[in-house]
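Heads up: the sequence lines are chains W and X, in that order.
If you read the first sequence in the working numbering, its first letter stands for residue 1, the second for the next number, and so on.
If you read the second sequence in the working numbering, its first letter stands for residue 1, the second for the next number, and so on.
It cannot be assumed that every hint is accurate.
Chain X is faced by these chain W residues, among others (derived, beta-carbon under 10 Å) [stated by the list, open to error]:
no., residue
1, K203
2, A205
3, I207
4, K252
5, R337
6, L339
7, E346
8, E349
9, L356
10, S362
11, N368
12, E372
13, K376
Simulated restraints on C-beta separations [stated by the list, open to error]:
no., chain 1, residue 1, chain 2, residue 2, range
14, W, L321, X, R245, 28 to 34 Å
15, X, P157, W, A310, 47 to 53 Å
16, W, E340, X, E21, 24 to 30 Å
17, X, D175, W, L321, 16 to 22 Å
18, W, S362, X, E158, 33 to 39 Å
19, X, R199, W, T344, 48 to 54 Å
20, X, P69, W, S362, 15 to 21 Å
21, X, E21, W, R323, 32 to 38 Å
Computed list of lysine-lysine pairs in BS3-like fashion (alpha-carbon distance at most 27 Å, straight line) [to be verified]:
no., chain 1, residue 1, chain 2, residue 2
22, X, K112, X, K92
23, W, K215, W, K267
24, X, K267, W, K376
25, W, K374, X, K269
26, X, K124, X, K200
27, X, K11, W, K386
28, X, K269, W, K376
29, X, K11, W, K374
The set of hints was computed from the structure by calculation and includes no laboratory data.
These figures come from a predicted structure and were not determined experimentally.
Don't be surprised by glycine CBs; every beta carbon is placed ideally from N, CA and C.
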Amino acid sequence: MNKPLGKTIRIFFVALLISLPAVSQQDFKTKINLSTPTPYLKEAVVLTVEIEQTNPKKVLFFEFSLPKHPFYEAIVLDRTLDNTLFHTKHRYRYILYPLQTGHIEIPLYLTLRQTDEDKVYFSASGDRDDFKGLETVDKRIDLPPIRLDVKPLPKGTLLVGDFTIQTHIDRNLTEAFEPVHIGLQIKGNGYPPQPPKLLPLQKGAHIFEGEPTIKRYMHKEKLFYDALYRYAIVAARSVSFPERTLSAFDPKSQRRYTLKIPAINLKIASPDQKAQSVRKLTDKENMPPLLHALQTRFIERLTQSAGYLASFISGWLLSSLWRRRKKPKKTSHRSHRVLEKLHTIEEPEALLRLLLAHPESSLEPILNDMLEAKRKNDTIALKEIKRRIGEALRSDDG
Amino acid sequence: MMDNAIVRLKKELSKAIIGQERFIDAIIVSLLCEGNLLVEGVPGLAKTTTIKALSKAIDLSFSRIQFTPDLLPSDITGTQIYNPKTQAFSIKKGPIFAHLVLADEINRAPAKVQSALLEAMEEKQVTIAQETFPLPSPFFVMATQNPLEHEGIYPLPEAQLDRFMLKISLQHPSDDEAFTIMRKAASKSFDAIEAIWNRKTLETLRNAALSIHIDEALERYIVALVSATRTPSRLDFEAGNIPIRYGAGPRGMIDLLKASKAYALLKGKTYVDPSDIAAMAPLVLSHRIGLHYEASLQGYTPGDYIADIIASLPVP
Numbered sequence: 001m002n003k004p005l006g007k008t009i010r011i012f013f014v015a016l017l018i019s020l021p022a023v024s025q026q027d028f029k030t031k032i033n034l035s036t037p038t039p040y041l042k043e044a045v046v047l048t049v050e051i052e053q054t055n056p057k058k059v060l061f062f063e064f065s066l067p068k069h070p071f072y073e074a075i076v077l078d079r080t081l082d083n084t085l086f087h088t089k090h091r092y093r094y095i096l097y098p099l100q101t102g103h104i105e106i107p108l109y110l111t112l113r114q115t116d117e118d119k120v121y122f123s124a125s126g127d128r129d130d131f132k133g134l135e136t137v138d139k140r141i142d143l144p145p146i147r148l149d150v151k152p153l154p155k156g157t158l159l160v161g162d163f164t165i166q167t168h169i170d171r172n173l174t175e176a177f178e179p180v181h182i183g184l185q186i187k188g189n190g191y192p193p194q195p196p197k198l199l200p201l202q203k204g205a206h207i208f209e210g211e212p213t214i215k216r217y218m219h220k221e222k223l224f225y226d227a228l229y230r231y232a233i234v235a236a237r238s239v240s241f242p243e244r245t246l247s248a249f250d251p252k253s254q255r256r257y258t259l260k261i262p263a264i265n266l267k268i269a270s271p272d273q274k275a276q277s278v279r280k281l282t283d284k285e286n287m288p289p290l291l292h293a294l295q296t297r298f299i300e301r302l303t304q305s306a307g308y309l310a311s312f313i314s315g316w317l318l319s320s321l322w323r324r325r326k327k328p329k330k331t332s333h334r335s336h337r338v339l340e341k342l343h344t345i346e347e348p349e350a351l352l353r354l355l356l357a358h359p360e361s362s363l364e365p366i367l368n369d370m371l372e373a374k375r376k377n378d379t380i381a382l383k384e385i386k387r388r389i390g391e392a393l394r395s396d397d398g
Numbered sequence: 001m002m003d004n005a006i007v008r009l010k011k012e013l014s015k016a017i018i019g020q021e022r023f024i025d026a027i028i029v030s031l032l033c034e035g036n037l038l039v040e041g042v043p044g045l046a047k048t049t050t051i052k053a054l055s056k057a058i059d060l061s062f063s064r065i066q067f068t069p070d071l072l073p074s075d076i077t078g079t080q081i082y083n084p085k086t087q088a089f090s091i092k093k094g095p096i097f098a099h100l101v102l103a104d105e106i107n108r109a110p111a112k113v114q115s116a117l118l119e120a121m122e123e124k125q126v127t128i129a130q131e132t133f134p135l136p137s138p139f140f141v142m143a144t145q146n147p148l149e150h151e152g153i154y155p156l157p158e159a160q161l162d163r164f165m166l167k168i169s170l171q172h173p174s175d176d177e178a179f180t181i182m183r184k185a186a187s188k189s190f191d192a193i194e195a196i197w198n199r200k201t202l203e204t205l206r207n208a209a210l211s212i213h214i215d216e217a218l219e220r221y222i223v224a225l226v227s228a229t230r231t232p233s234r235l236d237f238e239a240g241n242i243p244i245r246y247g248a249g250p251r252g253m254i255d256l257l258k259a260s261k262a263y264a265l266l267k268g269k270t271y272v273d274p275s276d277i278a279a280m281a282p283l284v285l286s287h288r289i290g291l292h293y294e295a296s297l298q299g300y301t302p303g304d305y306i307a308d309i310i311a312s313l314p315v316p
């Protein structure tokens with residue numbers, strides 16, 4: 001009797017042990033909502049995932065993201081994350097575009113991060129250079145998968161959504177190889193439209209596709225597009241593009257409609273249609289003779305030579321003017337300076353100063369005589385002194 | 001007697017030196033005034049020969065210091081040498097410890113080497129390893145500069161130039177002098193120089209130079225001349241418009257006074273007259289005057305500037 005009881009008690013305790021420390025689904029709740037479980041192919045489906053902590057005694061954090069899958073294309077609509085301790089609450093919203101018809105099952109999971117209050121405060125302590133990671137115990141929680149039953153589109157549908165199209169062309173008449181710019185603007189809400197292909201009727205036209213300008217914005221849980229597709233057409237001859245019809249389908253209103261790209265006729269003016277003078281520009285022979293007349297060439301050469309001559313003359317003038325400039329005061333022989341000023345001096349005192357300023361050994365006796373006469377207050381015969389100075393300097397020069 | 005001694009000295013020097021009378025006069029004046037001489041001249045103008053001949057004639061020791069860019073101050077003043085045998089340091093005095101020192105191409109050595117020499121010239125002593133050694137007396141320095149060197153030189157700054165009593169620029173000898181030099185070069189004329197002076201003679205001549213009479217009017221003439229180098233606009237002459245950067249100062253004035261007296265003694269006079277002052281003024285003041293670039297463009301030199309000042313200054 002005791003053995004079965006003991007076994008029961010053991011099983012009970014094991015079950016209790018297994019259940020207690022584990023974070024149970026009762027600590028949080030999830031809510032997953034789809035705007036429509038049966039969309040058309042490429043129809044926008046709004047997916048809402050809400051996760052809310054229900055156990056206020058624990059510190060829990062959630063990490064959720066929609067996994068990538070080839071069966072759909074997802075765009076994040078918004079996220080609301082409330083990480084208040086003990087009351088964590090997250091909401092994620094996506095727009096899904098199913099890319100495959102039939103039954104699609106998308107698995108979902110989230111990462112639950114459990115920690116405690118002390119660890120949270122510790123991780124946030126210190127200054128910005130003292131980074132501390134938050135210690136958590138992470139666990140993967142599988143959520144109920146998303147199930148979609150995707151319906152096919154009507155045959156030939158190119159655009160899914162509610163769109164309009166406008167065609168812009170800068171001109172219809174142009175010259176050969178001059179680019180013509182065309183813009184196709186598609187506006188509306190639905191699956192992102194692909195750039196339409198322009199197919200010319202004739203061969204020989206080059207079509208360049210430019211970088212499209214795409215604007216996206218959200219409005220009332222709908223994603224709106226304003227896309228401008230640019231083209232440049234270069235052709236040697238006139239070219240025509242037929243009218244194109246793009247088949248479209250709006251899943252919301254279940255409406256089928258078409259978008260028209262009107263026919264484009266480009267008229268290319270050939271070189272033959274240009275003025276007579278333009279024809280002359282076209283070379284018909286290899287290395288044709290110069291257009292300038294002989295006279296023009298002669299004038300050019302004459303102008304060039306005159307320029308060289310003018311430079312030479314200006315240089316010569318400059319050098320001769322420089323040579324004729326006022327010479328510096330210093331002369332090669334100091335005695336010449338005495339001779340230069342001798343004739344202008346009319347006072348013995350000035351002559352004495354001059355001899356003192358330019359001492360020469362040959363003039364020393366004359367200087368001494370003048371100093372002696374000055375000391376004795378004798379009269380100095382200026383003429384006689386000048387004569388003696390002149391004689392002494394001339395004999396000094398030899 | 002004094003002028004006889006000088007005449008004999010010049011005659012003795014003429015055995016080895018031809019011409020350069022002005023140069024020899026400048027050396028003698030510097031020696032008598034206990035000043036130092038700065039010589040500017042191209043190589044081969046008997047600068048070294050002259051001072052060597054002088055040292056022989058005056059019986060004073062001579063040393064030559066060749067200034068180079070890698071010279072150190074201790075190469076001039078001396079240093080401590082470690083003797084492994086005695087395991088002690090001994091002082092080795094540098095070449096500056098001589099009576100007559102030739103500092104060749106002083107502008108090739110960097111500033112700190114120039115300063116070492118100039119400081120020794122000023123204080124007449126040298127300190128090696130915290131020990132001070134007086135320089136021999138009399139002490140005379142003749143420094144040379146090569147005017148052709150324009151690259152790799154360290155020009156003496158104005159403050160250092162002011163320490164030289166006289167500055168003379170040597171010219172090439174005349175043709176006749178050159179002919180005589182060429183003839184004498186073949187003979188051993190340098191050996192014929194005899195010592196005709198001694199220290200006592202030099203001392204006596206120095207005292208004699210100091211006692212040469214100078215009238216107060218001439219002293220004022222010197223003052224007026226030196227101050228005119230700083231403010232030429234006060235005088236009425238062409239050079240009043242010459243732009244100058246700086247003029248001579250009190251040291252120049254004192255040196256001009258002493259040099260004028262020594263020059264008067266050299267001429268065998270017992271008094272100074274204006275010709276002595278006028279003769280010494282270019283040597284004493286030229287290197288203490290700085291002209292602006294515009295003046296040098298016109299070919300105007302400090303010598304011309306001094307000549308113009310003298311030509312405008314009233315003679316006492």
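* Asked: Broken hints, numbered, in rising order?
  -> 1, 2, 3, 4, 6, 7, 10, 13, 17, 20, 23, 27 and 29
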